[in-house]
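Enquirer: Using the sequences plus the hints, can you model the full thing?
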Amino acid sequence: MPAWTRPGPHSARRTGEFIARLVLALFGAVLMIGVIWIASQSASDSSVLSTAILLALVPLGLVLVVVFWIDRWEPEPLPTLIVAFLWGAGVATAISMLVNTTVLYAAAESTLSLEGAFQISAVVSAPLIEETTKGLGVLIIFLIWRRTFNGAVDGLVYASVIAAGFAFAENIGYFIRFWDSITSIFIVRGLFSPFAHVTFTACTGLAIGMSARRRSPAAWVWMTPIGLVCAITLHAIWNGVIAASGNPFAMFILVSLPIFIVCMGIVAWLRWAERMTMRNRLDDYARAGWFAPAEVQMLTTGGGRKAGKRWASTRGPQAAYAMRVFQKSSAELAQLRQQAVDGHAQGDFSIRETELLDRITSARRTFIGAE
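Quick note: the sequence shown uses the numbering used here, first residue 1, plus one each step.
In short, the hints are calculated from the structure, not lab data.
Bear in mind the structure is a predicted one, so any value in this text is a computation, not a measurement.
Any given hint could turn out to be false.
Said to hold, decoys possible - Taking lysine to aspartate or glutamate pairs in the EDC-like style, the calculated list, with each CA pair at most 20 Å apart, reads:
| id | residue 1 | residue 2 |
| --- | --- | --- |
| 1 | K306 | D284 |
| 2 | K328 | E353 |
| 3 | K309 | E332 |
| 4 | K306 | E332 |
To be verified - Quick list of the computed label-pair ranges, beta carbon to beta carbon:
| id | residue 1 | residue 2 | range |
| --- | --- | --- | --- |
| 5 | A29 | R146 | 20 to 28 Å |
| 6 | E109 | R324 | 58 to 66 Å |
| 7 | L114 | S184 | 18 to 26 Å |
| 8 | W272 | S113 | 25 to 33 Å |
We treat Cβ as the ideally placed atom computed from N, Cα and C, and that holds for glycine.
Expert: Here it is, written out as structure tokens:
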């Protein structure tokens with residue numbers, strides 16, 4: 001195998017990323033607590049608030065299970081996912097609440113009709129401000145952690161987590177406000193449409209994610225607005241249908257279910273494309289002698305990865321851990337090389353490549369029993 005120079009530390013970048021995560025997380029957490037506190041003021045007692053939070057966890061859990069399934073090939077850093085959730089539940093929700101309330105009162109005064117004001121807020125203000133604030137969160141994550149933001153799947157994952165956070169905080173407010181109709185409101189929002197916000201914001205996330213694969217580093221400047229317009233349009237249509245329809249089950253069958261099926265088809269295709277990209281990049285290293293063809297096959301199929309983990313687990317906990325490191329580091333290596341192929345190689349590309357190859361080699365030695 002080729003000889004590699006062992007890299008030195010690059011702690012300055014990691015320190016900067018840690019500070020950015022800490023600041024954004026604290027900001028989002030404070031605003032999320034504030035949003036929930038405001039919503040709780042209309043609760044008759046503390047049990048209403050606690051029940052509303054528990055009910056809001058149901059659709060949140062459904063969404064996160066799907067998100068982690070999508071993200072299992074090359075998982076995003078958990079701290080950054082937490083930042084994304086808090087941005088949605090805190091920052092995006094707080095700004096949207098403020099602007100939507102302001103628009104509602106202004107529209108009510110100008111039209112002298114509360115019903116007309118609600119229509120304007122739901123179909124115009126809410127889609128515009130909510131998708132803009134959620135999309136801004138995806139863009140901030142992309143710009144700060146661009147080196148780990150590798151394509152459409154990453155954009156979809158971050159957009160989904162932000163949207164899940166937004167829906168979580170929003171659902172708490174809805175459940176408290178309509179407590180007298182909690183069963184029907186939970187069925188509509190928690191069971192019939194848990195992926196609504198995810199679907200809208202995914203448009204922006206996909207656009208930003210796809211811009212990461214373009215050779216122009218400024219591709220996000222023109223691709224982000226395209227995704228945002230799609231997100232706003234879908235959101236406006238959704239709210240318009242809800243306002244015009246008095247039958248939530250019909251809305252679910254005619255609108256929510258078809259959109260969900262189409263989105264799952266897109267997700268399946270994106271995961272397949274990500275797997276093929278990973279295979280192509282690992283094949284590059286296999287030709288240089290860093291991987292055996294059987295290892296590439298194992299690393300790029302779901303069944304192969306599971307079989308590898310099962311086999312390693314029979315050799316003890318140390319081997320099982322080494323196999324997890326081997327699989328994770330190989331995925332990171334493939335993404336790193338794909339960035340270079342796309343023309344976005346970072347200045348420390350060779351350092352990071354060496355780190356990953358060393359880690360992979362060490363893990364392999366461990367799980368085959370050479371150490």
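Enquirer: Look at each hint and say if it fits the structure.
Expert: The hints, checked one at a time:
Between K306 and D284 the CA atoms are separated by roughly 23 Å; this puts the pair beyond 20 Å, and the hint is violated. Using a Cα cut-off of 20 Å, the hinted pair K328 and E353 holds, with the two alpha carbons roughly 14 Å apart. Only pairs whose Cα atoms come within 20 Å are accepted, and K309 paired with E332 is accepted, the gap being roughly 18 Å. With a C-alpha separation of about 18 Å, the suggested pair K306 and E332 falls inside the 20 Å cut-off, and the hint holds.
At roughly 24 Å, the beta-carbon separation of A29 and R146 lies within the given 20 to 28 Å, and the hint holds. A hinted range of 58 to 66 Å for the beta carbons of E109 and R324 is consistent with their spacing of about 60 Å. In this structure the supplied range 18 to 26 Å holds for L114 paired with S184, their Cβ-Cβ distance being about 22 Å. Separation of W272 from S113 is about 50 Å and departs from the stated range, judged on CB atoms against 25 to 33 Å.
Taken one by one, the earlier hints fail for this structure at numbers 1 and 8, listed in ascending order.
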